[in-house]
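Peer 1: Please take these sequences and the hints and turn them into a complete structure.
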Amino acid sequence: MPTAPIETHHESPYEKRLVARLQAGESEALSALFDLHVDRVFAFARHLLGSREDAEEIVTEAFLRAFQRATAFRGECPFRGWLFGITRNLCLDRLRQPRLMLLEPEAMERHTDHGQAAAEMETSLVVRQALAQLSEEHRLVLTLCDVEEWDAHEVAAILEKSLPATKSLLYRARRALRTQLTTLWDEEEETHDAL
Amino acid sequence: MRCEEIRSLLDAHLDHEMGEELNRRLERHLLRCPACSYEARTLEQTRSMLREAVPPAVPSPGFRERAAARLLDALPELHPASGRTAARQWALPFSREET
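Chains as they are written, first to last, in the working numbering: chain A, 1 to 195; chain B, 1001 to 1099.
Simulated from the structure, these hints should not be mistaken for lab results.
If a hint is listed, it holds; no wrong ones were tucked in.
Across the chosen pairs, the derived CB separations fall in these ranges: (1) B/Arg1066 with A/Lys161: 31 to 37 Å; (2) B/Ala1069 with A/Thr191: 45 to 51 Å; (3) A/Arg96 with B/Arg1032: 50 to 56 Å; (4) B/Pro1061 with A/Arg69: 27 to 33 Å; (5) A/Glu188 with B/Pro1061: 34 to 40 Å; (6) A/Arg74 with B/Ser1037: 48 to 54 Å; (7) A/Thr71 with B/Val1058: 30 to 36 Å; (8) B/Glu1044 with A/Lys16: 39 to 45 Å; (9) A/Glu137 with B/Glu1044: 19 to 25 Å; (10) B/Ala1069 with A/Asp193: 53 to 59 Å; (11) A/Glu76 with B/Pro1034: 49 to 55 Å; (12) B/Arg1066 with A/Pro13: 28 to 34 Å; (13) A/Glu149 with B/Asn1023: 19 to 25 Å.
The structure presented is a predicted model; accordingly, all values stated were derived computationally and were not measured.
Glycine included, each C-beta is placed from N, C-alpha and C at the ideal position.
Peer 2: What follows is the structure, given as structure tokens:
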């Protein structure tokens, strides 16, 4: 599957040298590139897939593929953008597979660790439900901009949109989440009143 | 400023992307206009609820080590030449060049 280049960020000379060394087959360069990019690539996959376990598998696979295909990388975009392209394709393949919807272990850990009150946990579940009902594009722009707080330029590059189009998408996504939340809470109120 | 103009600026206000003067004018309007004030407040509430419900993505403990081990295992197959020295190289702390 062709991988679209993504102009994510300004690549430093250090990164460029690492990529050249990766292309020469140096595993040490892969190790360094892994350390540099793993957190962002993981966050991207995690929010796209909605599952930490799946994201961890995909991220490992993405780095493997990057190493395997390093010689095909022509440097037309930053290495991270190329890696995001590989990751996105792998995520889309994964999303096409039938999946079991399970409660994320990290959500459970968070609530258990902090002894969060039941009411707050219920609110969180409704917010997650509302988020899950949004389009994939809305979900991704909201989580990358408002949760991860990434620079809008980088999110625009990942979404392959201009900066104004990305901001406009973000603004619509915020309103869509608000509408979805209102609807869910209205339904909950009605059910409560009917009991 | 008219309500329509104010509504189009609420996200920039939320993201702290507005200049001081414009910000002051917007805040004055919000004090006087309950409808725009409601709009601003609910947008802000929605974002804080989202941040509360969805934490930034963090891999599980040991993920980096597991992933590094898997990459190391696969190296000889992917790049036979690099695979021979991979274990030694991966184990050594990477001496970072200037960034």
